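*Asks:* Sequence:
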Amino acid sequence: MAVFEEQRPRLFALAYRLLGSAAEAEDMVQEAYVRWSQAGPVEVPAAWLTRVVTNLCLSQLTSARRQRESYVGPWLPEPVLTGDGALGPLETVEQRESVSLGVLILLERLTPVERAVFVLREAFGHGHAEVAGILGITEAHSRQLHRRARAHVGEPRKRFESDREHHRRIVRGFLRATLGGDVAALERLLADDVVAWADGGGTATAARRPVYGRARVLRYLSGLTNRPEAAGIAWDIVEVNGEPAVVVHDPGGGLLAVFAVEIADGRVAAVRTIVSPAKLAFAATQLM
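Numbered per our numbering, the sequence shown spans residues 30 to 317.
Do not take every clue at face value.
Said to hold, decoys possible - Simulated DEER-style distance windows between Cβ atoms:
1. Y241 with A180: 23 to 31 Å
2. G242 with A307: 26 to 34 Å
3. H195 with E60: 38 to 46 Å
4. R172 with T91: 19 to 27 Å
5. Q67 with D222: 46 to 54 Å
6. R37 with A259: 51 to 59 Å
7. Y249 with R198: 19 to 27 Å
8. P306 with G242: 27 to 35 Å
9. T121 with M30: 29 to 37 Å
10. A52 with G282: 19 to 27 Å
11. A244 with R94: 32 to 40 Å
Since the hints were derived computationally from the structure, they do not count as laboratory data. In this text, all values refer to a predicted model and were calculated from it rather than measured experimentally. Just so you know, even glycine gets a beta-carbon here, dropped at the ideal spot from N, CA and C.
Kindly produce the complete structure, drawing on both the sequences and the hints.
*Replies:* See below:
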């Protein structure tokens, strides 16, 4: 039990990066515990558990893809508050990038095994020999899958904002301008090609399609803050998935939404809003 509990945070961080879902990641880790408790002596527990969790996630990814084909509106990953280390160390740009919502969305382009190779290599630093052993493939195949994954994901990653304090200042300015109805300030902050996505999961009011371009996103944001229900809610900036984000609370303290703001070249390049209650459940427990 003690050995498994020591590994649990790392296993959750791995499963979350593979699935983009905190709830599913917890399920995979719990299933790994069941298998661990039923297994005999294990020579290298960390390697054994990594292999079990990775392969459980590969199976889950296959079924998740079918479910997302019928998902209502844009699908976004579940937000996770990371200020307390919930997804492991995020000290480097590469570590923070590996859990950012933008990169997790890009990973949806990959096949399950490409995603596994990418995460094991990029986020956890496993060599190709180790990756091959975990996935039951050859080392040459691991290298090939990694090259293919990087080709799919690599180019858009250049948009990632590396300066954390600079990112926070822009998010703070974005929040002030949005809440204050300062259209001129907000217009200066938004990139020409800014995009806004919203994930309501079919259970909460949200735009069913992405909103493209500065003018349309301005109208979209103004519409959100002008709603009658916006009165009395509270806003704050916290670290979500390694980056500053805006969290919205109702008067009773319940979590209503998370706005993840992606910065590129000093401007807001993307706004990803999660309002689906199911998607907010994990973050809500973190805030308690």
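*Asks:* Would you mind marking each hint as holding or not holding in the structure?
*Replies:* Each hint tested on the structure:
1. Y241 with A180: 23 to 31 Å: holds (25 Å)
2. G242 with A307: 26 to 34 Å: For G242 and A307 the Cβ distance comes to about 30 Å; the hint holds.
3. H195 with E60: 38 to 46 Å: Because 41 Å falls inside the window, the suggested range holds.
4. R172 with T91: 19 to 27 Å: holds (23 Å)
5. Q67 with D222: 46 to 54 Å: Distance hint for Q67, D222 holds at roughly 52 Å.
6. R37 with A259: 51 to 59 Å: violated (39 Å)
7. Y249 with R198: 19 to 27 Å: At roughly 23 Å between Cβ atoms, R198 and Y249 fall inside 19 to 27 Å, so the hint holds.
8. P306 with G242: 27 to 35 Å: Hint holds: Cβ distance 29 Å, inside 27 to 35 Å.
9. T121 with M30: 29 to 37 Å: Holds, since T121 and M30 (Cβ atoms, about 32 Å apart) stay within the stated range.
10. A52 with G282: 19 to 27 Å: Given a distance of about 21 Å, which is inside 19 to 27 Å, the answer is holds.
11. A244 with R94: 32 to 40 Å: Check passed, 34 Å falls within 32 to 40 Å.
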